[in-house]
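J.: Given the coordinates of chain C, work out where chain P should sit on it, guided by the hints.
Each chain is listed here by its residues.
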Amino acid sequence: MKFKINRDHFSNGLAQVLNVVGSKATMPILSNVLIEAEKDCVTFTTTNLDLGIRARIKAEVKEPGSVTLPVKRLASIVRELPNLDVAFDASPNHHVKLSSGGSTFKIMGIGREEFPPLPELGDENSFSLDQATLTTMLQSVAYAQSSDETRYILNGVYFSFRDSKLTLVATDGRRLALISKEMDVAADRAGSIILPAKTVTELLHMLNKGTTLKIAFNERRATFQIATDKDTSGLLDSIYLYSKVVEGNYPNYQQVIPKETQQRIKLERELLLACVHRASLVCSEKANSVRIKLTSNLLEVTAQSPDFGEAHESMAIAYSGPELQVAFNPAYVLDPLRALTKDEVFFEVKDEVSPGVFKTLENFVCVIMPVRLS
Amino acid sequence: MPNVRILPDRVANQIAAGEVIERPAAVVKELVENALDAGATRIEVEFAHGGRSFIRVEDNGPGMARDDALLALERHATSKIAEADDLNRLATFGFRGEALPSIASVSRFTLQTRAAGAEAGTEILVNGGRFVHVRDCGRPAGTRIEVAQLFNSVPARRKFLKTDATEAAHIVTGVRLYALAFPAVAFTLIEDGRVVLRSPECADLAGRVGEIFGRQLREQLVPIAAEEPGLRLHGLIGLPGAGRATRHEMITFVNARPVDSRTLNYALIESYHEALPKGRYPLAFVFLEIDPAAVDVNVHPAKREVRFRSEASVRSFVICSVLARLREMAAPAPAAMPPATSNIQPSTLNVPPQSRVWPAALLATPKASAAGVPVVIAPPATTSPPVAVGNSSLAIVHTGRGPQATAGWRYLGLAHGEFALFETPAGLVLLDRRAAHERVWFERLQAQFRDHAVPNQRLLFAVPLELDPVAAALLLDRLDFINRHGFEIVEFGRSFFRIEGVPAWMEPGDAGPFLRDLVAAWREGPALGANPDAAREQLARLAAARAVRLPAVAGETVMQALVTELFACRAPLTSPSGRLTHIELGHGELARRFQR
Numbered sequence: 001m002k003f004k005i006n007r008d009h010f011s012n013g014l015a016q017v018l019n020v021v022g023s024k025a026t027m028p029i030l031s032n033v034l035i036e037a038e039k040d041c042v043t044f045t046t047t048n049l050d051l052g053i054r055a056r057i058k059a060e061v062k063e064p065g066s067v068t069l070p071v072k073r074l075a076s077i078v079r080e081l082p083n084l085d086v087a088f089d090a091s092p093n094h095h096v097k098l099s100s101g102g103s104t105f106k107i108m109g110i111g112r113e114e115f116p117p118l119p120e121l122g123d124e125n126s127f128s129l130d131q132a133t134l135t136t137m138l139q140s141v142a143y144a145q146s147s148d149e150t151r152y153i154l155n156g157v158y159f160s161f162r163d164s165k166l167t168l169v170a171t172d173g174r175r176l177a178l179i180s181k182e183m184d185v186a187a188d189r190a191g192s193i194i195l196p197a198k199t200v201t202e203l204l205h206m207l208n209k210g211t212t213l214k215i216a217f218n219e220r221r222a223t224f225q226i227a228t229d230k231d232t233s234g235l236l237d238s239i240y241l242y243s244k245v246v247e248g249n250y251p252n253y254q255q256v257i258p259k260e261t262q263q264r265i266k267l268e269r270e271l272l273l274a275c276v277h278r279a280s281l282v283c284s285e286k287a288n289s290v291r292i293k294l295t296s297n298l299l300e301v302t303a304q305s306p307d308f309g310e311a312h313e314s315m316a317i318a319y320s321g322p323e324l325q326v327a328f329n330p331a332y333v334l335d336p337l338r339a340l341t342k343d344e345v346f347f348e349v350k351d352e353v354s355p356g357v358f359k360t361l362e363n364f365v366c367v368i369m370p371v372r373l374s
Numbered sequence: 001m002p003n004v005r006i007l008p009d010r011v012a013n014q015i016a017a018g019e020v021i022e023r024p025a026a027v028v029k030e031l032v033e034n035a036l037d038a039g040a041t042r043i044e045v046e047f048a049h050g051g052r053s054f055i056r057v058e059d060n061g062p063g064m065a066r067d068d069a070l071l072a073l074e075r076h077a078t079s080k081i082a083e084a085d086d087l088n089r090l091a092t093f094g095f096r097g098e099a100l101p102s103i104a105s106v107s108r109f110t111l112q113t114r115a116a117g118a119e120a121g122t123e124i125l126v127n128g129g130r131f132v133h134v135r136d137c138g139r140p141a142g143t144r145i146e147v148a149q150l151f152n153s154v155p156a157r158r159k160f161l162k163t164d165a166t167e168a169a170h171i172v173t174g175v176r177l178y179a180l181a182f183p184a185v186a187f188t189l190i191e192d193g194r195v196v197l198r199s200p201e202c203a204d205l206a207g208r209v210g211e212i213f214g215r216q217l218r219e220q221l222v223p224i225a226a227e228e229p230g231l232r233l234h235g236l237i238g239l240p241g242a243g244r245a246t247r248h249e250m251i252t253f254v255n256a257r258p259v260d261s262r263t264l265n266y267a268l269i270e271s272y273h274e275a276l277p278k279g280r281y282p283l284a285f286v287f288l289e290i291d292p293a294a295v296d297v298n299v300h301p302a303k304r305e306v307r308f309r310s311e312a313s314v315r316s317f318v319i320c321s322v323l324a325r326l327r328e329m330a331a332p333a334p335a336a337m338p339p340a341t342s343n344i345q346p347s348t349l350n351v352p353p354q355s356r357v358w359p360a361a362l363l364a365t366p367k368a369s370a371a372g373v374p375v376v377i378a379p380p381a382t383t384s385p386p387v388a389v390g391n392s393s394l395a396i397v398h399t400g401r402g403p404q405a406t407a408g409w410r411y412l413g414l415a416h417g418e419f420a421l422f423e424t425p426a427g428l429v430l431l432d433r434r435a436a437h438e439r440v441w442f443e444r445l446q447a448q449f450r451d452h453a454v455p456n457q458r459l460l461f462a463v464p465l466e467l468d469p470v471a472a473a474l475l476l477d478r479l480d481f482i483n484r485h486g487f488e489i490v491e492f493g494r495s496f497f498r499i500e501g502v503p504a505w506m507e508p509g510d511a512g513p514f515l516r517d518l519v520a521a522w523r524e525g526p527a528l529g530a531n532p533d534a535a536r537e538q539l540a541r542l543a544a545a546r547a548v549r550l551p552a553v554a555g556e557t558v559m560q561a562l563v564t565e566l567f568a569c570r571a572p573l574t575s576p577s578g579r580l581t582h583i584e585l586g587h588g589e590l591a592r593r594f595q596r
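Protein chains in written order, with the working numbering: chain C, 1 to 374; chain P, 1 to 596.
Here chain C stands alone, though its shape is the one from the complex (with noise of 0.2 Å):
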């Protein structure tokens, strides 16, 4: 196999593919980055068998072949190499030579032989989606996964495709995020999954290099065909990404989102995170909440901790609804209004044992119970 490539496209190809690495021992091959080359392209492809990426990156293909390479390692040297021109040839023992400018680097490379396959979907249950639309989406509900490794089922998104709209969910059992939006699902085509944490952040990764993504899905597994037509240093076609989905039964989110509103109040997001996140200075790892008071048209955030001291923040509101007070884990007020984009959001609460709600316009809620102290 012979090729030759731009340092920096090799460089952002074996980027995409980096983080998913296997850790485990008995498979040493997983560590390892596929490289193919055919035509005027070499594929990159890494596997921890729970995840795998696959990306195309435009190369002068000399003579097609396959080889793995030692992805992290490979990558460093990448980066550093002279010149913007790189040579790669294999020889059938798997040894790589890699040279650029004034510099030749001897690798030792492993067969492809023993390199899990990844594996394919049909076009059964598969759906096109705006990346930077999904982008949004996940930002506004990633937070509140739960990394608690006794409830696997929450740590996930889960992504629901059903009643003429795509809804994301994620929950830690203390709070819930979700968001939906209008999209065209046919009704023998409806279903859901829940993708695992790990999946979410890589997907973030590589979302927006291009407009359009497609997924795919069946109850064991996803795939995602991510378009690449904005990058400009090399990516061809679409990023392939595989995962598997936590298998089970996610919970019934529809029943702890209350259905009626007692207070509403507008909000400016910044103003509000400014005056949590002010207030939640003086929090420790004893005394970990704020309390949120309502009176007549103003706000008050207090937060106090035994061994410090005590913080008061005000902010003037709209309200005229009776006195009442309720209280939160900063960390729960704050996530939400990180992660919205819109200057408004709307606040709803009713005595301090009920849920706090955050809302938007956009068919974005949030849920989070309340602390109390018993």
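Accuracy of the hints is not assured; some may be wrong.
Across the chosen pairs, the derived CB separations fall in these ranges [claimed, not checked]:
| hint | chain 1 | residue 1 | chain 2 | residue 2 | range |
| --- | --- | --- | --- | --- | --- |
| 1 | P | ALA203 | C | THR135 | 45 to 55 Å |
| 2 | P | GLN560 | C | GLY65 | 52 to 62 Å |
| 3 | P | GLU589 | C | LEU49 | 43 to 53 Å |
| 4 | P | VAL553 | C | THR211 | 36 to 46 Å |
| 5 | C | SER233 | P | ALA407 | 49 to 59 Å |
| 6 | C | ASN218 | P | GLY207 | 29 to 39 Å |
| 7 | P | LEU590 | C | PRO28 | 40 to 50 Å |
| 8 | P | GLU228 | C | LEU49 | 36 to 46 Å |
| 9 | C | ALA187 | P | VAL553 | 47 to 57 Å |
| 10 | C | ASP163 | P | THR557 | 47 to 57 Å |
| 11 | C | ALA187 | P | GLU328 | 37 to 47 Å |
Residues of chain P clear of chain C, computed beta-carbon distances all greater than 12 Å [unchecked claim]:
| hint | residue |
| --- | --- |
| 12 | GLU19 |
| 13 | VAL299 |
| 14 | ILE583 |
Don't read these hints as lab results, they were simulated from the structure. Think of the CB as a built atom: it goes at the ideal place given N, C-alpha and C, for glycine as much as any other residue.
T.: Chain P alone, transformed into the frame defined by chain C:
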């Protein structure tokens, strides 16, 4: 001098009753065993007031003719064996012929029975061991026995009974054991008119376990089957990692008889020594089938204990079979492990609460500080003098140091992810991260409890918790206490609870296992109900072990903050379970070791 005389049967029966019938649950056990021995396929048990006022056991077995029924009430009358040698071939539960006369001698006893072919049934009423009447009655084929006013003729025994709830729990537990042993028999259990357990004929043991213990538990079990000449083991065992803090869900049967066998219990625990942390007990519902001649069930009046002729071979057979099955499961992938149990940490349950030196100091100090020193904001320096006075040797040195104790400590690094190494003016200190964190959390939680300021995080999705009747009764009893300490738990049907809120530091997924451990600790330990301080300390100790989540990497600032917090504690030397938090190597020690 009193003359030697032979006791009348009625007295002898009452004495035997003292051994065989120690509580209402024993009556139920004997009667259910009789029904099973008779080959019934449907058994209904009803009782009222913990069994003391009324017990009824009805079956659809073959029934008895009148003469047999009368004979059955005689002492040592049985259809199950004929000669002593039969004891070596026992395939039935009963054999002594003592149960019916014993029960009849201490209650108002009604027996109704009709043999399948007979025209009329027989009804026999015995009150306190005296025959009242024998007459014809109509009833379907089978036998029905009612035991009312239990222990009416032995008031002393009556006084020793526990509360109705406890006695009821024993009956329920007992019936469940037999229901497990005979999945093909339909069981109904009615308490005070309410159906507690109704299980139709199940296809297999797994189905029955699901019916009785719930689906959650069933999913943590895998079947096991092994055989060697003369021995057969089958049933269900827990997945690696799925453990409990008590043995209540480690249930063994020998030839279908529920038994409490040391040999089997230890064999099971030993098999799991790699699959479960120390001090946790495996889940098991296992049946051992063995030649009746190789086992003696006539050891214990209630036949709860058995003795094997060859303990060693039974033991090694069980260990080999279970280990082989566990290895088989471990082989494919760790993914086979239930994620719900991966977080189990070595529990501190097996440490007796009264051990070590420090509790005295701990218990003493809250009182000392409550006497006048403001607790919350007071720097440790102000609280340490009373500690130092009342405390024993080791702790004085450290508590006396106060927060300045760690001045001049330089963090060097973390060994094996567990031990932090510090250079100190006096030499070197090795710190056990987990133990240190546990100590810090323990005192933090104690402070929260004392100030009645336990933050409670409400949950979006209530966590369901299903307990066995005894544990449920305990939890129900202390629900207020628990709910005052950061939880929000509501009763949701019999033996079923919903966790609607957890202490703010706890992961929702941890709440179920934590409460199980807590209830188990209550069950094993001394009654602390009357002493809220001790109960709180127990809660804090268990909670501290759970609260600690160690990140894989910890920077210098984190470790410095940890030692500062640790030395602000009242008893920084040990963790709440009594392990050392750190070891100090002084200059002298170092010099001596290096022979300088």
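J.: Determine for every hint whether it applies to the structure shown.
T.: Each hint tested on the structure:
no., hint, in the structure
1, P/ALA203 - C/THR135: 45 to 55 Å, "holds, 51 Å"
2, P/GLN560 - C/GLY65: 52 to 62 Å, "holds, 55 Å"
3, P/GLU589 - C/LEU49: 43 to 53 Å, "holds, 50 Å"
4, P/VAL553 - C/THR211: 36 to 46 Å, "holds, 40 Å"
5, C/SER233 - P/ALA407: 49 to 59 Å, "holds, 54 Å"
6, C/ASN218 - P/GLY207: 29 to 39 Å, "holds, 31 Å"
7, P/LEU590 - C/PRO28: 40 to 50 Å, "holds, 42 Å"
8, P/GLU228 - C/LEU49: 36 to 46 Å, "holds, 39 Å"
9, C/ALA187 - P/VAL553: 47 to 57 Å, "holds, 49 Å"
10, C/ASP163 - P/THR557: 47 to 57 Å, "holds, 50 Å"
11, C/ALA187 - P/GLU328: 37 to 47 Å, "holds, 44 Å"
12, GLU19, "holds, 47 Å"
13, VAL299, "holds, 43 Å"
14, ILE583, "holds, 26 Å"
Violated hints: none; the structure is consistent with every hint.
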